[in-house]
Amino acid sequence: QKEVEQDPGPLSVPEGAIVSLNCTYSNSAFQYFMWYRQYSRKGPELLMYTYSSGNKEDGRFTAQVDKSSKYISLFIRDSQPSDSATYLCATNLLSGGYNKLIFGAGTRLAVHP
Amino acid sequence: DGGITQSPKYLFRKEGQNVTLSCEQNLNHDAMYWYRQDPGQGLRLIYYSQIVNDFQKGDIAEGYSVSREKKESFPLTVTSAQKNPTAFYLCASSRGTVLAGRRNIQYFGAGTRLSVL
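Here the protein sequences come in this chain order: D and P. The numbering of the first sequence is the numbering used here, which starts it at 755 and goes up by one. The numbering of the second sequence is the numbering used here, which starts it at 76 and goes up by one.
FYI, nobody ran anything at the bench for these hints, they're computed from the structure. Just so it is clear, the structure is predicted and the values come from calculations on it, not from any experiment. Hints may be right or wrong, so weigh each one.
As the list claims (entries may be wrong) - Away from chain D, derived, C-beta distances all over 10 angstroms, residues of chain P:
(1) Leu86
(2) Glu90
(3) Asn93
(4) Glu99
(5) Asp105
(6) Gln131
(7) Lys145
(8) Thr154
(9) Asn159
(10) Ala185
Said to hold, decoys possible - For the chain D half of the interface with chain P, some residues (derived, Cβ under 7 angstroms), not all of them:
(11) Lys796
(12) Gly797
(13) Pro798
(14) Gly858
(15) Ala859
(16) Gly860
(17) Ala864
(18) His866
Cβ atoms here follow ideal geometry from the backbone N, Cα and C, with glycine treated the same way.
Starting from the given sequences, assemble the full structure and let the hints guide the process.
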């Protein structure tokens, strides 16, 4: 079992839709959770960063963490064609004196006009 | 502008050849990382460095080598021992590796796509 599971998609939605992207994780020691957005042939860029259970909102984006279920989500409201990208969830684990980032496989999102 | 610069953007390797991917950062970060990205597999850590003149193997270090002679630079060599080098290679940096929270957020370069001729 992978430490972080993420449905690779692709997910195709019409412009204006609400998008829900999800990851599950296996280790309750994971503390911090991140969402990265990666456009085609580009490096990932940090979109959202959360620590505690609950919701964190930034504009059209909401990150949700449920530590009891080991479930993290990213919601995109009023989706735009410019949101078309691969979304990677990530978490961290202190291992061997090093804070290691563990990534999900990424979900490819296409928002069509 | 502060950031991470990877070069070249595209690279081709011949059989039996070593190739070196460049990564430079001007963020004054102590830690640097190399990842490999294959379709459907997410990012896998090749090597990381917490400080100059020190580096550690990640999850898939075989067939790769690195050096960290300067804080700003962390080049990756893909050796002829790496039998399946075709992938997208990403370099990242962070303020530290053992620091918790936002101080360990990793920032990525634009990547190098390596293919085999």
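Structure-based check of each hint:
{"no.": "1", "hint": "Leu86", "result": "holds, 14 angstroms"}
{"no.": "2", "hint": "Glu90", "result": "holds, 25 angstroms"}
{"no.": "3", "hint": "Asn93", "result": "holds, 24 angstroms"}
{"no.": "4", "hint": "Glu99", "result": "holds, 14 angstroms"}
{"no.": "5", "hint": "Asp105", "result": "holds, 12 angstroms"}
{"no.": "6", "hint": "Gln131", "result": "violated, 7 angstroms"}
{"no.": "7", "hint": "Lys145", "result": "holds, 21 angstroms"}
{"no.": "8", "hint": "Thr154", "result": "holds, 24 angstroms"}
{"no.": "9", "hint": "Asn159", "result": "holds, 18 angstroms"}
{"no.": "10", "hint": "Ala185", "result": "violated, 5 angstroms"}
{"no.": "11", "hint": "Lys796", "result": "holds, 6 angstroms"}
{"no.": "12", "hint": "Gly797", "result": "holds, 4 angstroms"}
{"no.": "13", "hint": "Pro798", "result": "holds, 5 angstroms"}
{"no.": "14", "hint": "Gly858", "result": "holds, 6 angstroms"}
{"no.": "15", "hint": "Ala859", "result": "holds, 4 angstroms"}
{"no.": "16", "hint": "Gly860", "result": "holds, 6 angstroms"}
{"no.": "17", "hint": "Ala864", "result": "violated, 16 angstroms"}
{"no.": "18", "hint": "His866", "result": "violated, 22 angstroms"}
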